[in-house]
Amino acid sequence: MAASLAGSQWLRIRAFPVPPPPLLRRRPYLLVRRRSLSVSACAVAGPADGEVRVRFAPSPTGNLHVGGARTALFNYLFARSKGGKFILRIEDTDLERSTRKSEEAVLNDLSWLGLDWDEGPGAGGEYGPYRQSERNYLYKQYAEKLLNSENAYRCFCSNEELEQMKETAKQMQLPPVYTGKWATASEEEVQKELEKGTPYTYRFRVPKEGRVKIEDIIRGEVSWGLDTLGDFVILRSNGQPVYNFCVTVDDATMRISHVIRAEEHLPNTLRQALIYKALGFPMPSFAHVSLILAPDRSKLSKRHGATSVGQFREMGYLPQAMVNYLALLGWGDGTENEFFTIDQLVEKFSINRVNKSGAIFDSTKLRWMNGQHLRALPSEELCKILGDRWKTGGILLESEGMFVKEAAELLKDGIDLVTDADKVLSSLLDYPLHSTLASVEGKPILEDKLPEVASSLISAYDRGELQTALEEGHAGWQKWVKSFGKLLKRKGKSLFMPLRVLLTGKLHGPDMGGSILLIYKAGINGAVDPQFGFQTLDDRFRLLKELDWEALRTQSEPQPQPVATASH
1 MAASLAGSQW
11 LRIRAFPVPP
21 PPLLRRRPYL
31 LVRRRSLSVS
41 ACAVAGPADG
51 EVRVRFAPSP
61 TGNLHVGGAR
71 TALFNYLFAR
81 SKGGKFILRI
91 EDTDLERSTR
101 KSEEAVLNDL
111 SWLGLDWDEG
121 PGAGGEYGPY
131 RQSERNYLYK
141 QYAEKLLNSE
151 NAYRCFCSNE
161 ELEQMKETAK
171 QMQLPPVYTG
181 KWATASEEEV
191 QKELEKGTPY
201 TYRFRVPKEG
211 RVKIEDIIRG
221 EVSWGLDTLG
231 DFVILRSNGQ
241 PVYNFCVTVD
251 DATMRISHVI
261 RAEEHLPNTL
271 RQALIYKALG
281 FPMPSFAHVS
291 LILAPDRSKL
301 SKRHGATSVG
311 QFREMGYLPQ
321 AMVNYLALLG
331 WGDGTENEFF
341 TIDQLVEKFS
351 INRVNKSGAI
361 FDSTKLRWMN
371 GQHLRALPSE
381 ELCKILGDRW
391 KTGGILLESE
401 GMFVKEAAEL
411 LKDGIDLVTD
421 ADKVLSSLLD
431 YPLHSTLASV
441 EGKPILEDKL
451 PEVASSLISA
461 YDRGELQTAL
471 EEGHAGWQKW
481 VKSFGKLLKR
491 KGKSLFMPLR
501 VLLTGKLHGP
511 DMGGSILLIY
521 KAGINGAVDP
531 QFGFQTLDDR
541 FRLLKELDWE
551 ALRTQSEPQP
561 QPVATASH
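Just so we're aligned: 309 in full-length UniProt numbering is position 309 of the sequence shown, and the numbers increase by one with no gaps anywhere.
Calculated directly from the structure, the hints in this document are not laboratory data. Be aware that one or more of the hints could be misleading.
Lysine-lysine pairs mimicking BS3-like chemistry, simulated, CA-CA at most 27 Å apart [stated by the list, open to error]:
1) 506 <-> 443
2) 208 <-> 166
3) 486 <-> 384
4) 181 <-> 192
5) 405 <-> 423
6) 391 <-> 506
7) 423 <-> 449
8) 506 <-> 482
9) 365 <-> 384
10) 443 <-> 486
11) 208 <-> 196
12) 449 <-> 391
13) 365 <-> 443
14) 192 <-> 213
15) 506 <-> 412
16) 192 <-> 140
17) 506 <-> 493
18) 482 <-> 521
19) 479 <-> 545
20) 489 <-> 449
21) 443 <-> 405
On a predicted model such as this, the values are computed, not experimentally measured, just so you know.
Using the sequences plus the hints, can you model the full thing?
Given below as structure tokens:
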């Protein structure tokens, strides 16, 4: 265990005896006397050939969490920024919970985010297979190597015996570590149990005392004492390897140079460092990224809303926005800029600028950022996304064409999520005139001689003036509005508000000229699905002609309250 790896080109590691502290509490039930050890590791470069190789290793036991997606992103950005390799490895040793369906979902989410991997499922590579369930032969090979070098031993303890050890330790107020019962067993004792067919595990032989120290890229120096660890299992009695053993063997044999992962894995580094050393593998550099927190600073979970990449995808978020936002959770380029494409992130990314404190997940900011990326899309791409959405949603008959292009341009500022597109276009095409006029906000418009404006507007429509102006586009509309305002001796809000209400049925909305032009065109080109119930400009003017203004005015007036009489 004290063998040095100082000859490695990319690792400095020292192992030397450490005298026990004078007041160190001894564990009286630990029967094995072993050398104490201190390990100090500092990664200073990369593999011998200098190639950066990083990996993302999800467990296919559920959906890809945004925390996992950010870890994958940081690995991807680091690899691309260094001209290295990004490896995808599936950690599916949890046979009961791992499913191929979950694996496919994770792979689809990564592909959707644009995080293409150089090696892994579907991509191949010279260090495969890339599923842990297909690498059992390798784990058994290295477990035997540890057994032969006496860094591991067979443990025949039953579950009952292990529970009794925990109970004894609890009564003595000591850590619940394995007592080392089989650590010093003779060959005869071991052989006897093997002949009886007694189930056994492989346990790693941990030095009794000492410390393990690493230099984490994000967190700086981190160290652990060995006195509370105890000998840990690396191979279960059913032949299945334990997580920390698998990970170490995989990272070493896949020549991973940097392990960038969530801070919840930091305690695992202790066991992994001991296994690296015992097998003679050079250790990679470690960088443990902070957790993503909810607004209340608790760990982000399902109770806070959407947490998986798939959920955000279904909600109408763009992959560009997700990548941009996730990158900013714990990282920044040192400027106030917050808008990045993935290529810009690759250019700017530095692992040294990753913050070690937790990052708050702000869904409001993510939504805002999605809107920024949506509006930054090339016009053709934006039109395709919105057009497909509008046709699928049963609003339009066709997903492309001039109407879609003009609608996308007019409405894009009100769309932050792709799913907003349905509501925004539906609102534009809707004509809720009665409810608007009956509302509290609509009352001042109604009382400002709205029937007179309506009468003049109907006359202009009957003479064909409005239609002629709309045929000429924005310039024709603006020219007509100006002359109509002069006719009524109105301008500004007193002109535009009644016009908006009468023509769109609403008090607010996107640019009025653009809205009226789209409504007009929708009526003459048949772009809207008949099932939608769209009212054309002709329909709207028929309704205006039939409107009972006196009844509306009466309805809007406050009704007298009955006077309560006292009873005798």
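These are the hints, each one checked on the structure:
no., hint, verdict
1, 506 <-> 443, "holds (13 Å)"
2, 208 <-> 166, "holds (18 Å)"
3, 486 <-> 384, "violated (42 Å)"
4, 181 <-> 192, "holds (16 Å)"
5, 405 <-> 423, "holds (17 Å)"
6, 391 <-> 506, "holds (24 Å)"
7, 423 <-> 449, "violated (32 Å)"
8, 506 <-> 482, "holds (21 Å)"
9, 365 <-> 384, "holds (25 Å)"
10, 443 <-> 486, "holds (24 Å)"
11, 208 <-> 196, "violated (31 Å)"
12, 449 <-> 391, "violated (40 Å)"
13, 365 <-> 443, "violated (36 Å)"
14, 192 <-> 213, "violated (40 Å)"
15, 506 <-> 412, "holds (19 Å)"
16, 192 <-> 140, "holds (22 Å)"
17, 506 <-> 493, "holds (14 Å)"
18, 482 <-> 521, "holds (22 Å)"
19, 479 <-> 545, "holds (25 Å)"
20, 489 <-> 449, "holds (12 Å)"
21, 443 <-> 405, "violated (35 Å)"
Checked against the numbered hints given earlier, this structure breaks hints 3, 7, 11, 12, 13, 14 and 21; the rest are met.
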